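Asks: The opening residue of the sequence shown carries number 1 in the numbering used here; numbering runs sequentially from there.
It is worth saying that the hints were derived from the structure and are not from the lab. Keep in mind the model is a prediction, meaning the values are calculated, not measured. Cβ atoms here follow ideal geometry from the backbone N, Cα and C, with glycine treated the same way. Mixed in with the good hints there might be a few duds.
Claimed, not checked - Here are the simulated distance ranges between beta carbons:
| no. | residue 1 | residue 2 | range |
| --- | --- | --- | --- |
| 1 | Ala150 | Trp92 | 21 to 29 Å |
| 2 | Phe162 | Tyr91 | 14 to 22 Å |
| 3 | Pro63 | Ile158 | 31 to 39 Å |
| 4 | Thr138 | Ser84 | 18 to 26 Å |
| 5 | Thr129 | Leu38 | 25 to 33 Å |
| 6 | His98 | Leu125 | 18 to 26 Å |
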Amino acid sequence: MPLTDMEEKQTTEGSSTGAHVAIAHRLHTWSSTFRQFLRYCLVGGVNTAIDLLVLNILLWRFPTNNVQVLVVYNSFAYSSGAVSSFFLNKYWTFRHKHRTTRREVIRFASILLFEVLYSNGLVWLAGKTLQPVIANPTLWGNTSKLLAVAVGAVISYIFMRFWTFASGSQNQATQQETALEAASKSTTVLASSEAEHDHRAAGNKQAR
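Take these sequences, add in the hints, and give me the full structure.
Replies: Written out as structure tokens, the structure reads:
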């Protein structure tokens with residue numbers, strides 16, 4: 001086989017291997033993000049249970065059909081799950097093993113304030129919509145709350161993922177990129193070694 005053909009073959013094989021590595025990297029990234037979101041949903045389920053428990057205690061002790069009062073109840077209920085949400089998401093969902101930093105606390109507090117505001121807005125909107133339909137205060141309050149939770153879960157995940165714990169995500173992405181570069185370099189070195197070996201073999205044949 002001519003030397004040029006062998007070099008082209010090695011280049012093609014190296015490019016194909018590099019493409020496979022890149023595809024595997026993308027699949028790993030998507031899989032990791034999907035598993036992370038599942039963990040976040042499980043943590044959200046625990047926090048929602050605490051949230052609903054506090055809300056129902058308030059509705060049981062102080063029944064109301066007033067949307068403004070329901071919004072106040074929601075503020076207390078939503079905030080009650082904030083501490084567990086922070087630590088479960090930090091150590092389990094986003095796998096941050098370092099000590100809690102001041103920046104994380106400030107970011108989380110800022111997000112919590114924002115989440116309480118938009119949760120109250122969603123509860124107010126759902127409560128206003130369902131008020132003529134549902135007369136029972138407990139059922140009305142819980143239905144409004146669940147609608148707000150469904151919309152708020154996605155918003156909360158986005159802020160958690162890309163802001164509160166963004167540094168960990170960036171470190172993970174950097175590690176993945178480093179691993180990809182190392183794999184590509186390894187493939188290139190292997191291809192070069194094989195090409196050199198074939199070249200020497202061809203030279204030996206010509207010498208004979």
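Asks: Note whether the CB distance of Thr138 and Ser84 lies within 18 to 26 Å or breaks it.
Replies: 24 Å, holds
Asks: Holds or violated: the 25 to 33 Å window for the beta-carbon distance between Thr129 and Leu38?
Replies: Holds, at about 31 Å.
Asks: In this structure, is the beta-carbon distance linking Ala150 and Trp92 contained in 21 to 29 Å?
Replies: 22 Å, holds
Asks: Just to be sure I understand the hint, the distance between the Cβ atoms of Phe162 and Tyr91 should be within 14 to 22 Å; is that true here?
Replies: The hint (14 to 22 Å, Cβ to Cβ) holds, given that Phe162 and Tyr91 are roughly 19 Å apart.
Asks: Could you say whether the range 18 to 26 Å given as a hint is met by the Cβ separation of His98 and Leu125?
Replies: 39 Å, violated
Asks: Between the beta carbons of Pro63 and Ile158, is the distance compatible with 31 to 39 Å?
Replies: Since Pro63 and Ile158 have Cβ atoms about 35 Å apart, the given range 31 to 39 Å holds.
Comparing the model with each earlier hint shows a violation of hint 6 alone; every other hint is respected.
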